[in-house]
Amino acid sequence: MARFVALFLSGMTDGVVAALAAVGLLVLNKATGIVNFAHGDLITLGAYLGIWLINGHGWGYVPAVTVSLVLMFAVGVVMERVSLAPLRGKSVHVVVIATLGLALALRSLVGIWQGTDPKRLESPVPGRSTVFGATVTHHRLLIIAVALVVLVAVMGFFARTSWGRQVRAVAADRVMAQLAGVRAGTLSMAAFGFSAALAGLCGLLVAPLGAIDLNLGFGIMLNSFAAMVIGGSGSVGGVVIAGVGIGLIERVIGGYVLTDYSEAFPFVVMILAIALRPQGLFGQREHAARL
Amino acid sequence: MPPASDPALRPPAWRQHHYLAIGAVVGAIALYVQFGQYLHLPGLFGSIHKQSGLSAFNEWLLLAGLTTSFYLVFGLAGRFAFSMAAFYGLGAYVSHWATRTSRHNFLVGTLAAMVIAVLLATAFAVLVRKAHHFYFAVATLGLSEVLLLLFQRVRRLSGKSSAEIGNAKKIDLFGWAAHTRYRHVWVILAALALVLVVVAAVERSALARRAVATRDNPTVAETLGIDSTRPGITLFVLGSALAAMFGSLFVHTRSVGTPETFGLKLGIAVFVALILGGLHSMWGGLIGAWFYTYIPQYLTGLQQWTQVIWGAVLVLVMIVLPEGLVGVFRWLRHRIRR
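Residue numbers (this note's numbering), protein chains in the order written: chain A, 23 to 313; chain B, 12 to 349.
Not one of these hints is a red herring.
DSSO-like, lysine-lysine: derived pairs with alpha carbons at most 30 Å apart:
#, chain 1, residue 1, chain 2, residue 2
1, B, Lys171, B, Lys181
2, B, Lys141, B, Lys276
3, B, Lys181, B, Lys276
4, A, Lys112, B, Lys276
5, A, Lys141, B, Lys276
6, B, Lys276, B, Lys61
7, B, Lys181, B, Lys61
8, A, Lys112, B, Lys141
9, B, Lys276, B, Lys171
Simulated from the structure, these hints should not be mistaken for laboratory data.
Work out the full structure: start from the sequences and follow the hints.
Pasting the structure below:
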């Protein structure tokens, strides 16, 4: 039982982080039609910003996280203005390649800035507790709590605010939304900033779990792609369920069966999901897709 | 098909005489390898008479071969595949596994690598045949991660307690021992020539026309009775098998390899080379791979900025030169004709 609880909480932690990253990708995709392959490196940048402010400058956690998220929002806006706004209207391939270029440049810049040696960040809630016989670090519980609160807030934000309705309108019919007065350019910038801030939050949350390096965000991005695909890119709820499911499959099932290959489970599930339902398990048909 | 009567509509000479153009390019490279040290061309291919220069030259040829294979998948079929580097790795690991304990030479290993790559690529491509754009890209990313994990964990492939390939069998061809970097050049150049001939044959076939029609407008292609999935599957399988062939050549010429060799960095290199060279030309891979291999040698003092520069190049090429460097040559040809 203790082993199951430990694996379950570990899976939940990975799952909610993947879900958070996937929601950031989804918001951007719905507002702009872009899938951002630099999302993983934005996650890495968020973690390094936290380390730089907390370890390097001795800031407290709350101001460091706040400033990091503001900076991440700004980085997202700059990315959109400098490299993706000039490509508006170009094919999906062109834009995706540009995001790949951004990913490469961003990762290398972080490496030049902070070096390639692994770094560590202390948790704001050190220590551990016993839950049903399993020893769990407080930081994992903090990640689950923060991520769930943010996910609920994001879902509420999209359901109830004007900005959220505008994104949903653009997702449903971009041309009609623009004709109705939605400013797609401003929305695109804001979506990039919002998505980058969510990526930064992922990085800040997972940084204290272990030594981090430049590959930190890539693995999380892969899991978030899997969550987006399995969840169906038309549904926030589906993506959240898929993200948590992926974490649980990897840790809980991978904790008992084929343990050496558990990291491959999310990708096998994702490939099967694409094969069986290209629009995602929770997705709707393309013409009816809504956020 | 008879040539167009209007000279403006006539395709350039290298498209009318595909195979002659390949012969000329491969012949020019061969002549350079043989006599390059006497020509003193400043820095075009580094110091080819030195071991380090030969090593870089082989690196260029291997990347050119891999990128030209990728042209079939991405350039012609428009399939956004992240799996080329992983199939290159599959070729390396399977060929090493097939030859390390047996008396088989590298040709048997290469054949085994290509057969396994064909089987895997076919199964995968058929499985995700309905996936387009992002979904296909992400599926290939997932496949790459699964393959890289297998390279790391299945020790039988490397034959050691670690995942690293060491002491791979050297190339022996019917009594001719290609054990030096200079001889490796000839083996890899022959493989590159073979791939260029295959790509030219594909470009002149109905398969390419169907693939391009499906890539550019799938709805119209389907109304014309073209099967929208088959060309993509065929070109993905062919490109993956050729990538595995170059992976086999890599491991038998280098003797060593690690899973990281076939990871993200190589995957990005293939994209940079093809897009910089020219996404819609079979020569794009050759030109782009030259830039990717040799330009960093001129960036003395800026080595740590190399990856940043390639990232910026990807974005800038998309904005300014969507047809890549081949597009520049086309523009120049057009200007000269006018």
